[in-house]
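One line per chain: the protein sequences are A and B, in this order.
Going by our numbering, the first residue of the first sequence is number 1, and it counts up by one from there.
Going by our numbering, the first residue of the second sequence is number 1, and it counts up by one from there.
Take these hints with a grain of salt, some might be off.
Straight-line Cα separation of at most 30 Å, DSSO-like style, residue types lysine-lysine; simulated pairs [claimed, not checked]:
1) B:K171 / B:K138
2) A:K279 / B:K319
3) B:K201 / B:K31
4) B:K319 / B:K262
5) B:K212 / B:K201
6) B:K171 / B:K212
7) A:K180 / A:K110
8) A:K180 / A:K194
9) A:K110 / A:K194
10) B:K201 / A:K110
11) A:K194 / B:K319
12) A:K110 / B:K212
13) B:K171 / B:K201
14) A:K110 / B:K138
15) B:K31 / B:K138
If the Cβ cut is set under 8 Å, some of the chain B residues that face chain A in the computed set are [unchecked claim]:
16) A146
17) N165
18) L166
19) L169
20) T204
21) I211
Listed next, with one range per pair, are the computed distances between beta-carbon atoms [stated by the list, open to error]:
22) B:R20 / A:E22: 53 to 61 Å
23) A:G126 / B:S186: 37 to 45 Å
24) B:L112 / A:P141: 49 to 57 Å
25) A:N96 / B:A317: 42 to 50 Å
26) A:G126 / B:D141: 43 to 51 Å
27) A:T88 / B:G43: 25 to 33 Å
28) B:Y259 / A:P141: 35 to 43 Å
29) A:Q222 / B:L112: 33 to 41 Å
30) B:R140 / A:N96: 52 to 60 Å
31) A:G74 / B:Y259: 42 to 50 Å
32) A:P141 / B:T310: 23 to 31 Å
33) A:G74 / B:P11: 54 to 62 Å
34) B:S186 / A:P302: 35 to 43 Å
35) B:A269 / A:N96: 32 to 40 Å
Derived from the structure by calculation, the hints contain no laboratory data.
Here the structure is a predicted model, which means the values were calculated and not measured.
Backbone N, C-alpha and C fix where the C-beta goes; we use that ideal spot for every residue, glycine too.
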Amino acid sequence: MPELSYREAVRDALASAMRSDEDVFVMGEDIAEMGGSMGVTQGLVEEFGVERVRNTPISEIAIVGAGIGAAMQGMRPVVEIMYEDFLTLSMEQIVNQAAKHRYMSGGQVKVPLTIRTQGGAGWSPGAQHAQQLEAWLVHVPGLKVVFASSPADARGLLWSAIYDDNPVIFFEHRLLYPVKEQVPETLEPIPLGKARIVRAGSDVTVIATGPVVHRAVLAADQAQEEGISVEVVDPRTLQPLDEETLVESVMRTHRAVVAHEAVRRMGFGAEVAAMLQEKAFDWLDAPIERVGARFAPLAFAPAMEQYVVPQTEDVLAAIRRTVERSR
Amino acid sequence: MVKVEKQRALPEERLRAFLREMLLIRRFEEKVEERFRAGDLPGFLHVAIGQEAAEVGVCEAMEDGDVFSSTHRAHGHTLARGTPPNAVMAELYGKIEGCSHGYGGSMHLYDLERGNQGANAVVGGGLPAAVGAGLAFKLRDEPRVAVSFFGDGATNTGSFHESLNLASLWKTKTLFVCENNEWAESTPGWQHSPVFDDMSKRATAYAMRAIKVDGQDVERVYEAARDALECVRSGSGPVFLDIETYRMHGHYIGDPQVYRTKEDRDEAAERDPIVRLRGRLAVPGEEWEALENEVREIVEGAVEFARNGTDPRPEDALKNVYA
Numbered sequence: 001m002p003e004l005s006y007r008e009a010v011r012d013a014l015a016s017a018m019r020s021d022e023d024v025f026v027m028g029e030d031i032a033e034m035g036g037s038m039g040v041t042q043g044l045v046e047e048f049g050v051e052r053v054r055n056t057p058i059s060e061i062a063i064v065g066a067g068i069g070a071a072m073q074g075m076r077p078v079v080e081i082m083y084e085d086f087l088t089l090s091m092e093q094i095v096n097q098a099a100k101h102r103y104m105s106g107g108q109v110k111v112p113l114t115i116r117t118q119g120g121a122g123w124s125p126g127a128q129h130a131q132q133l134e135a136w137l138v139h140v141p142g143l144k145v146v147f148a149s150s151p152a153d154a155r156g157l158l159w160s161a162i163y164d165d166n167p168v169i170f171f172e173h174r175l176l177y178p179v180k181e182q183v184p185e186t187l188e189p190i191p192l193g194k195a196r197i198v199r200a201g202s203d204v205t206v207i208a209t210g211p212v213v214h215r216a217v218l219a220a221d222q223a224q225e226e227g228i229s230v231e232v233v234d235p236r237t238l239q240p241l242d243e244e245t246l247v248e249s250v251m252r253t254h255r256a257v258v259a260h261e262a263v264r265r266m267g268f269g270a271e272v273a274a275m276l277q278e279k280a281f282d283w284l285d286a287p288i289e290r291v292g293a294r295f296a297p298l299a300f301a302p303a304m305e306q307y308v309v310p311q312t313e314d315v316l317a318a319i320r321r322t323v324e325r326s327r
Numbered sequence: 001m002v003k004v005e006k007q008r009a010l011p012e013e014r015l016r017a018f019l020r021e022m023l024l025i026r027r028f029e030e031k032v033e034e035r036f037r038a039g040d041l042p043g044f045l046h047v048a049i050g051q052e053a054a055e056v057g058v059c060e061a062m063e064d065g066d067v068f069s070s071t072h073r074a075h076g077h078t079l080a081r082g083t084p085p086n087a088v089m090a091e092l093y094g095k096i097e098g099c100s101h102g103y104g105g106s107m108h109l110y111d112l113e114r115g116n117q118g119a120n121a122v123v124g125g126g127l128p129a130a131v132g133a134g135l136a137f138k139l140r141d142e143p144r145v146a147v148s149f150f151g152d153g154a155t156n157t158g159s160f161h162e163s164l165n166l167a168s169l170w171k172t173k174t175l176f177v178c179e180n181n182e183w184a185e186s187t188p189g190w191q192h193s194p195v196f197d198d199m200s201k202r203a204t205a206y207a208m209r210a211i212k213v214d215g216q217d218v219e220r221v222y223e224a225a226r227d228a229l230e231c232v233r234s235g236s237g238p239v240f241l242d243i244e245t246y247r248m249h250g251h252y253i254g255d256p257q258v259y260r261t262k263e264d265r266d267e268a269a270e271r272d273p274i275v276r277l278r279g280r281l282a283v284p285g286e287e288w289e290a291l292e293n294e295v296r297e298i299v300e301g302a303v304e305f306a307r308n309g310t311d312p313r314p315e316d317a318l319k320n321v322y323a
């Protein structure tokens, strides 16, 4: 089995789709010769040419909007928004246009558009280059939202996103790009809407996304030493959400922690916690714990940034609290 | 002068067909106003009375396979591209038989079969998709054009500027149709744009060819649109069609138009494109009467069809969220 980094995995999914299908093309800022600000699209322009690997002006409305128009004509564009903070510039197109065309047309129109973007704290860019805004998108009916935490997932999920007939927002995390793992020899599509049990356990379920999946695994290893068996589940697709796998896990462990890097208040985890108490209340032995960023923008000074963003210790503390509450 | 004579050589028969189409749209719009005021129609409705020559002139110049995006003022474009009046009226009544099956309404008319990619209720919201559609036609080397209708009010939005820039840069097969009706809701052009006297300047700033035309003369609009479409279709880049038209009624049905003077409204009536074309063709009273009757029958028939249409079930609201 080959080993791929998360960055290479995303690139491999793009290249594979472009090789197999003329309708797939990519566009975004600095994605051609420069290979994207994160280096994800390196080499694509050499293989596929400037018509299919399109450098755009700094023009987020037009990037997303042109993707919508091409998608409505049956192409499968993959557009890159350099930082998810910049999604805010294209929100009108995403929320009012991409998400609504199929519905407003009474089912006549399809918008098979993939919007790749990335974000994440841990490198001190300050408040406008590291936000995690997935909660904004999961709130909008008509959009699908993916957040991959591993190379294999990124590769298989991006393929499925490209071949989905709906607009999909595909979140990548900056700190994950160098992470490597063994991936299947040939690309195996991973269906959207299926969670992955990252680590099996019996006392507490930690439902985590993106980089916090890795922090949750570390926390689980430490909890193991304290005699607490932790199951880590990554939903992978936030919309649609694999409620069944999440609920089933919590019914087995009777305790749940929901953890993400995005701001905790009103975050994606709040919905997961509400869903769990609706569907698994009778199985819960302790209140559901939530872990997320504190309610502040991201500061520049590393110590302040780190204080706001949840770390491994925060996940571990939440695990301990659920156990202590039900001893 | 020779060129002008040659340009104005559309057969009279064709012009009469335009007149019929324009009158149908006018009477349709008036009926919509009437039914809304009577309380039959839910929602937020905008008619384009006074702009029929712009709608018919451009839509008649388009070809099968061309696509378009419209605005909140979309009834005329949709009818002029061939969507049956019954389907449009049924949509305004929120019926399953409507062209968006009751999911869209007046501001979201769709008809994929006839290239209608959606009327858009966000001012300027439809332009970027016309760039993308025009890009798809270019990449696939298809002889098709994506037409984007919008008003003068849209020319101040970011999406307008980003769209013109990208389309010009990439030479997409996109035709931008600015229906300058002199009003952005209640705000007159001179209050909202520094280049209101010449909207074409917006296009030339993006190195895009602009064609200005009197939007109350359907023949002129048709010829300008044909010229523009041919140019776009050939792959030489997008064109900006600057149509100077006039909104004779309010922004929406029920708009008290407190911002408008009596003189202004009188002037509007003098610029009526239908009166102009009828005069030019010297349509005699009897023939006009027959045309009115024919059109009235279609419009009344559409109302009848819509009223007898099928109401969606409330739970149908959960369908069509995803493909």
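Now the hints, each set against the structure:
1. B:K171 / B:K138: This hinted pair holds, its Cα atoms lying about 8 Å apart.
2. A:K279 / B:K319: Holds, because 24 Å separates the two Cα atoms, which is no more than 30 Å.
3. B:K201 / B:K31: violated, 37 Å
4. B:K319 / B:K262: violated, 48 Å
5. B:K212 / B:K201: Status holds; Cα separation ~11 Å.
6. B:K171 / B:K212: Between K171 (chain B) and K212 (chain B) the Cα gap is close to 20 Å, so the pair holds against 30 Å.
7. A:K180 / A:K110: With a Cα-Cα distance of about 35 Å, the restraint between K180 (chain A) and K110 (chain A) is violated, given a limit of 30 Å.
8. A:K180 / A:K194: holds, 22 Å
9. A:K110 / A:K194: It holds: about 23 Å lies between the C-alpha atoms, which stays within 30 Å.
10. B:K201 / A:K110: Measuring from Cα to Cα gives roughly 35 Å; hence the hint is violated.
11. A:K194 / B:K319: holds, 22 Å
12. A:K110 / B:K212: violated, 35 Å
13. B:K171 / B:K201: Since the Cα atoms of K171 (chain B) and K201 (chain B) sit roughly 18 Å apart, the hinted pair holds (cutoff 30 Å).
14. A:K110 / B:K138: Answer holds: K110 (chain A) to K138 (chain B) is near 20 Å, not above 30 Å.
15. B:K31 / B:K138: Cα-Cα ~41 Å, so violated.
16. A146: holds, 7 Å
17. N165: Cβ of N165 (chain B) sits 6 Å from chain A, so the hint holds.
18. L166: holds, 4 Å
19. L169: With a minimum Cβ separation of about 7 Å from chain A (threshold 8 Å), the hint on L169 (chain B) holds.
20. T204: This hint is violated: T204 (chain B) lies away from chain A, its Cβ roughly 18 Å from the closest one there, beyond 8 Å.
21. I211: Violated - the Cβ of I211 (chain B) stays beyond 8 Å from chain A, reaching only about 23 Å at its closest.
22. B:R20 / A:E22: 53 to 61 Å: violated, 43 Å
23. A:G126 / B:S186: 37 to 45 Å: holds, 41 Å
24. B:L112 / A:P141: 49 to 57 Å: violated, 21 Å
25. A:N96 / B:A317: 42 to 50 Å: With a Cβ separation near 18 Å, N96 (chain A) and A317 (chain B) fall outside 42 to 50 Å, so the hint is violated.
26. A:G126 / B:D141: 43 to 51 Å: holds, 45 Å
27. A:T88 / B:G43: 25 to 33 Å: holds, 29 Å
28. B:Y259 / A:P141: 35 to 43 Å: holds, 37 Å
29. A:Q222 / B:L112: 33 to 41 Å: Once the Cβ atoms are compared, 56 Å apart, the range 33 to 41 Å for L112 (chain B) and Q222 (chain A) is violated.
30. B:R140 / A:N96: 52 to 60 Å: The hinted range 52 to 60 Å is violated for R140 (chain B) and N96 (chain A), with Cβ atoms some 27 Å apart.
31. A:G74 / B:Y259: 42 to 50 Å: holds, 44 Å
32. A:P141 / B:T310: 23 to 31 Å: The hinted range 23 to 31 Å holds for P141 (chain A) and T310 (chain B), with Cβ atoms some 24 Å apart.
33. A:G74 / B:P11: 54 to 62 Å: violated, 37 Å
34. B:S186 / A:P302: 35 to 43 Å: violated, 52 Å
35. B:A269 / A:N96: 32 to 40 Å: holds, 36 Å
Violated hints, listed in ascending order, are 3, 4, 7, 10, 12, 15, 20, 21, 22, 24, 25, 29, 30, 33 and 34; each of the other numbered hints is respected by the structure.
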